[in-house]
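S.K.: Read off the chains here:
Protein chains: 2
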Amino acid sequence: MNKKSSTKDLGLSSNERLYLKNISNFKPKKYQNFKPKGLKIYTFHAGFKNKLDDLLLIIFDNPVNFSCVYSKTSMPSAPIIWGKQHSRKSLRAIVVNSGNANAHTGSQGIKIINEYVDFLSKKINCKKNQVLVSSTGVIGEIFDPKIIIRQLAKIENKLQTKLFEAAKAIMTTDTYPKISVMNVTINKTSFKIYGIAKGSGMIHPNMGTMLAYIFIDLDLPKNILNKLLNSSLDKTFNSISTDGDMSTSDTLALFSSGTTKINLKVKKNYQKLNTSLSKLMRDLSLKIVRDGEGISKLIKVNVLNCKSIRQSKKVGFSIINSPLVKTAISGQDANWGRVIAAIGKSEEKINQNKIKIYFGKNLLCKNGSIYKNINYNKVNKYMKNKTIEISVILQTGKKSHTVYGNDLTNEYIRINAYYRS
Amino acid sequence: MNKKSSTKDLGLSSNERLYLKNISNFKPKKYQNFKPKGLKIYTFHAGFKNKLDDLLLIIFDNPVNFSCVYSKTSMPSAPIIWGKQHSRKSLRAIVVNSGNANAHTGSQGIKIINEYVDFLSKKINCKKNQVLVSSTGVIGEIFDPKIIIRQLAKIENKLQTKLFEAAKAIMTTDTYPKISVMNVTINKTSFKIYGIAKGSGMIHPNMGTMLAYIFIDLDLPKNILNKLLNSSLDKTFNSISTDGDMSTSDTLALFSSGTTKINLKVKKNYQKLNTSLSKLMRDLSLKIVRDGEGISKLIKVNVLNCKSIRQSKKVGFSIINSPLVKTAISGQDANWGRVIAAIGKSEEKINQNKIKIYFGKNLLCKNGSIYKNINYNKVNKYMKNKTIEISVILQTGKKSHTVYGNDLTNEYIRINAYYRS
Numbered sequence: 008m009n010k011k012s013s014t015k016d017l018g019l020s021s022n023e024r025l026y027l028k029n030i031s032n033f034k035p036k037k038y039q040n041f042k043p044k045g046l047k048i049y050t051f052h053a054g055f056k057n058k059l060d061d062l063l064l065i066i067f068d069n070p071v072n073f074s075c076v077y078s079k080t081s082m083p084s085a086p087i088i089w090g091k092q093h094s095r096k097s098l099r100a101i102v103v104n105s106g107n108a109n110a111h112t113g114s115q116g117i118k119i120i121n122e123y124v125d126f127l128s129k130k131i132n133c134k135k136n137q138v139l140v141s142s143t144g145v146i147g148e149i150f151d152p153k154i155i156i157r158q159l160a161k162i163e164n165k166l167q168t169k170l171f172e173a174a175k176a177i178m179t180t181d182t183y184p185k186i187s188v189m190n191v192t193i194n195k196t197s198f199k200i201y202g203i204a205k206g207s208g209m210i211h212p213n214m215g216t217m218l219a220y221i222f223i224d225l226d227l228p229k230n231i232l233n234k235l236l237n238s239s240l241d242k243t244f245n246s247i248s249t250d251g252d253m254s255t256s257d258t259l260a261l262f263s264s265g266t267t268k269i270n271l272k273v274k275k276n277y278q279k280l281n282t283s284l285s286k287l288m289r290d291l292s293l294k295i296v297r298d299g300e301g302i303s304k305l306i307k308v309n310v311l312n313c314k315s316i317r318q319s320k321k322v323g324f325s326i327i328n329s330p331l332v333k334t335a336i337s338g339q340d341a342n343w344g345r346v347i348a349a350i351g352k353s354e355e356k357i358n359q360n361k362i363k364i365y366f367g368k369n370l371l372c373k374n375g376s377i378y379k380n381i382n383y384n385k386v387n388k389y390m391k392n393k394t395i396e397i398s399v400i401l402q403t404g405k406k407s408h409t410v411y412g413n414d415l416t417n418e419y420i421r422i423n424a425y426y427r428s
Numbered sequence: 008m009n010k011k012s013s014t015k016d017l018g019l020s021s022n023e024r025l026y027l028k029n030i031s032n033f034k035p036k037k038y039q040n041f042k043p044k045g046l047k048i049y050t051f052h053a054g055f056k057n058k059l060d061d062l063l064l065i066i067f068d069n070p071v072n073f074s075c076v077y078s079k080t081s082m083p084s085a086p087i088i089w090g091k092q093h094s095r096k097s098l099r100a101i102v103v104n105s106g107n108a109n110a111h112t113g114s115q116g117i118k119i120i121n122e123y124v125d126f127l128s129k130k131i132n133c134k135k136n137q138v139l140v141s142s143t144g145v146i147g148e149i150f151d152p153k154i155i156i157r158q159l160a161k162i163e164n165k166l167q168t169k170l171f172e173a174a175k176a177i178m179t180t181d182t183y184p185k186i187s188v189m190n191v192t193i194n195k196t197s198f199k200i201y202g203i204a205k206g207s208g209m210i211h212p213n214m215g216t217m218l219a220y221i222f223i224d225l226d227l228p229k230n231i232l233n234k235l236l237n238s239s240l241d242k243t244f245n246s247i248s249t250d251g252d253m254s255t256s257d258t259l260a261l262f263s264s265g266t267t268k269i270n271l272k273v274k275k276n277y278q279k280l281n282t283s284l285s286k287l288m289r290d291l292s293l294k295i296v297r298d299g300e301g302i303s304k305l306i307k308v309n310v311l312n313c314k315s316i317r318q319s320k321k322v323g324f325s326i327i328n329s330p331l332v333k334t335a336i337s338g339q340d341a342n343w344g345r346v347i348a349a350i351g352k353s354e355e356k357i358n359q360n361k362i363k364i365y366f367g368k369n370l371l372c373k374n375g376s377i378y379k380n381i382n383y384n385k386v387n388k389y390m391k392n393k394t395i396e397i398s399v400i401l402q403t404g405k406k407s408h409t410v411y412g413n414d415l416t417n418e419y420i421r422i423n424a425y426y427r428s
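Chains as they are written, first to last, in the working numbering: chain A, 8 to 428; chain B, 8 to 428.
Some hints could be false.
You can't tell identical chains apart in this list, so a pair holds if it fits in one copy or across any two.
Okay, derived cross-link-like pairs now, DSSO-like style, lysine-lysine, Cα gap no bigger than 30 Å in a straight line [as the list claims (entries may be wrong)]:
#1 K373 x K79
#2 K118 x K361
#3 K379 x K91
#4 K36 x K130
#5 K96 x K363
#6 K79 x K361
#7 K79 x K321
#8 K229 x K44
#9 K91 x K321
#10 K363 x K153
#11 K391 x K47
#12 K307 x K321
#13 K118 x K363
#14 K321 x K242
#15 K79 x K314
#16 K129 x K321
#17 K44 x K165
#18 K314 x K368
#19 K135 x K268
#20 K91 x K134
#21 K406 x K79
#22 K47 x K268
#23 K134 x K388
#24 K405 x K368
No lab work stands behind these hints, which were simulated from the structure alone.
Put together the whole structure using the sequences plus the hints.
M.R.: This is the structure:
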């Protein structure tokens with residue numbers, strides 16, 4: 008609304024500066040680059056951002072089966088509304104732009120999508136409903152579909168890029184691209200699963216958070232993809248939170264992009280595939296938290312021995328979203344009292360005299376009050392770690408759940424007070 | 008847990024430094040001081056804080072009727088557990104210490120209270136259950152009741168203080184004392200209502216937030232006090248939030264400390280008393296938000312034309328607790344897109360094409376997308392104000408509610424990363 012975020016530069020100049028300036032200290036030191044089989048990747052500079060690539064196009068060689076979940080927000084973006092309007096059995100292409108979320112743009116937002124999807128579907132000879140679209144960036148600003156169409160027109164003469172460039176093109180306040188690749192062998196058949204994701208702020212689970220695309224180099228039917236996606240979602244993308252703010256644009260899609268078939272009627276085979284995908288989804292979702300806006304420390308909260316998974320998750324998110332817990336961790340203070348307060352605000356019925364709280368392996372609180380033999384030297388040393396693990400034992404039952412988040416720092420304020428998203 | 012917050016100084020040295028350094032720019036310029044009739048006020052330096060007074064004792068001349076609400080947390084502090092254990096018809100004294108919350112201190116916490124209340128009740132010749140106790144400060148640290156008893160022993164030779172000193176003695180990260188006084192005349196009878204409160208962080212409504220004590224200089228029966236308290240609570244103390252973190256210690260008490268009687272069977276009289284008290288409670292609760300940790304701007308969110316009060320409150324708190332909205336306001340950015348995202352995460356069923364959003368009197372969003380004729384100069388100028396009013400019109404019904412909070416700044420991080428509460 009002010010100068011630094013006018014519609015002209017679509018608010019992304021400061022992002023680009025941020026990208027160059029303040030990098031998460033969890034950024035991977037090395038990247039391998041990959042080019043999955045069965046698809047072509049193109050990235051473009053459309054002009055949503057000042058200089059960086061901001062448009063990703065993926066074209067599958069043949070129509071592929073897929074499974075997809077969207078944000079549970081009651082204010083979905085135009086790409087999500089459009090996606091839900093178009094039922095489809097298979098996909099031929101994915102178009103993602105970063106720098107403008109096309110959210111709360113009304114009927115115009117839908118019209119914009121229709122225009123560039125219409126152009127693309129004619130160009131690559133597929134049905135309109137065979138295109139998956141996503142947008143991420145500032146909310147509420149209308150843009151001209153021509154800036155996308157102008158790029159899509161160029162594909163004949165454009166060199167293909169790879170996963171690293173794809174992951175980079177969909178970033179907003181992310182400080183590094185997020186890629187996970189897994190090698191799997193089932194019954195002597197080897198194949199790969201590839202995933203890319205973006206997300207750094209406005210991260211609160213309610214589906215898969217933010218944008219994530221996962222490609223399995225196998226030929227799988229849609230019902231299996233649905234089953235696989237749902238079985239891993241809750242413990243991965245739905246268990247992370249950076250700021251408790253759910254996005255309008257979250258999309259997670261799983262594609263069967265290969266031709267190899269595997270006998271999944273053999274239970275062991277299915278389980279191996281499921282476990283491998285689950286590991287990749289966990290890795291990819293953690294890459295997002297590790298790039299949480301302004302992060303200095305990753306926080307892992309285990310809520311153990313609970314009455315139900317629901318209770319465990321509720322208490323876990325109450326802790327991981329508490330600004331007071333988050334600031335204590337950033338200040339390297341093992342402030343278990345704020346953890347107690349956060350448990351209390353969940354309003355779950357819990358006997359506080361039975362709770363145990365550990366920071367790492369250090370017991371801090373037991374039988375309703377402070378543990379008598381705390382080794383403060385050890386605890387202070389532990390709090391200097393980059394990853395802090397808090398374990399809370401409620402003793403209300405036998406269920407457990409783990410959630411992930413990050414600390415709250417001055418850097419979060421700087422990014423969000425001066426960057427427009 | 009680290010040096011700066013050892014048990015020795017009970018973590019309050021940094022608070023005292025904070026108190027001197029970073030004062031909310033909403034701090035009242037002048038204070039009048041008051042000494043309500045029918046009660047004696049004493050303040051002491053017990054040693055919870057380094058230098059400042061940290062213990063308040065109020066003794067009523069005669070037993071008084073009262074009404075009291077506590078935090079809804081499932082992890083209540085020892086004073087709240089103790090208070091709920093002791094049913095009582097009237098009160099003779101209030102004891103409040105700041106610097107240690109006596110929370111999550113198990114059976115020892117209860118024993119501590121029993122010891123100092125036992126001492127006091129013998130000293131002033133009342134029943135133990137006629138004493139109301141509160142504690143505020145760091146959670147989980149046991150203290151020796153003697154440091155309170157040593158002070159209570161001195162009252163014969165101690166000079167009485169007034170409301171200003173009382174409000175000051177109960178502060179923790181507060182940067183100024185909170186007092187409200189109201190003159191009321193009903194049927195030619197004039198009387199005063201006095202209130203003091205403390206609270207700055209860990210502020211999220213679920214009862215009256217934090218500590219607040221209100222004295223009505225009238226003789227009122229308990230059932231009227233209960234009725235008065237409940238009728239004003241929801242629109243005042245239960246409509247503010249600084250950080251979404253509910254405290255373990257919140258207590259709000261209303262006392263009938265006078266001797267004057269008023270005919271409250273006359274409906275008009277009751278309504279006038281109710282309105283006056285409600286105004287005082289609103290003023291006192293706003294004084295707390297205006298001293299919200301790290302505040303630079305007060306945020307008022309009106310959620311209008313809703314299906315129900317419940318929906319209006321849910322959406323209001325979703326906006327006022329959104330870190331992304333709060334940082335945008337601190338960055339003077341009228342980022343209505345983040346307001347939309349915050350409405351969405353409430354998961355309320357709302358047609359986004361009917362929502363209107365105003366910042367002050369400036370319409371920013373209408374019919375599902377950005378308003379065409381925004382006067383950006385006017386909006387940018389408005390965002391420089393100390394108080395920002397956001398009005399959201401949902402058009403799902405006829406109910407409305409207003410909630411209050413403050414922006415999120417570097418100062419909040421500084422206070423909570425380096426102060427132990």
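S.K.: Now look at each hint and say whether the structure bears it out.
M.R.: Going down the list of hints, with the structure as the test:
1. K373 x K79: between (38 Å within a copy, 22 Å between copies)
2. K118 x K361: Only across copies: K118 and K361 sit 19 Å apart there, 57 Å inside one copy, limit 30 Å.
3. K379 x K91: Between copies only: 28 Å across chains, 56 Å inside a chain, cut-off 30 Å.
4. K36 x K130: neither (39 Å within a copy, 69 Å between copies)
5. K96 x K363: neither (50 Å within a copy, 37 Å between copies)
6. K79 x K361: Only across copies: K79 and K361 sit 19 Å apart there, 35 Å inside one copy, limit 30 Å.
7. K79 x K321: both (17 Å within a copy, 16 Å between copies)
8. K229 x K44: Classified as within: same-chain Cα gap 19 Å, cross-chain 77 Å, threshold 30 Å.
9. K91 x K321: both (29 Å within a copy, 26 Å between copies)
10. K363 x K153: between (59 Å within a copy, 29 Å between copies)
11. K391 x K47: Neither way: K391 and K47 sit 44 Å apart in one copy and 49 Å across, limit 30 Å.
12. K307 x K321: Both. Shortest intra-copy (15 Å) and inter-copy (28 Å) distances satisfy the 30 Å Cα cut-off.
13. K118 x K363: between (55 Å within a copy, 22 Å between copies)
14. K321 x K242: For K321 and K242, the Cα distance is within 30 Å both inside one copy (14 Å) and across copies (27 Å).
15. K79 x K314: both (26 Å within a copy, 20 Å between copies)
16. K129 x K321: Answer is neither: 47 Å inside a copy and 45 Å across each miss the 30 Å cutoff.
17. K44 x K165: within (18 Å within a copy, 85 Å between copies)
18. K314 x K368: For K314 and K368, only the intra-copy Cα distance (23 Å) is at most 30 Å; the inter-copy one is 49 Å.
19. K135 x K268: within (28 Å within a copy, 78 Å between copies)
20. K91 x K134: Close inside one copy (16 Å), not across copies (67 Å); limit 30 Å.
21. K406 x K79: both (25 Å within a copy, 25 Å between copies)
22. K47 x K268: within (21 Å within a copy, 85 Å between copies)
23. K134 x K388: Classified as neither: same-chain Cα gap 59 Å, cross-chain 49 Å, threshold 30 Å.
24. K405 x K368: within (21 Å within a copy, 54 Å between copies)
This entry does not satisfy hints 4, 5, 11, 16 and 23, going by the numbered hints stated previously.
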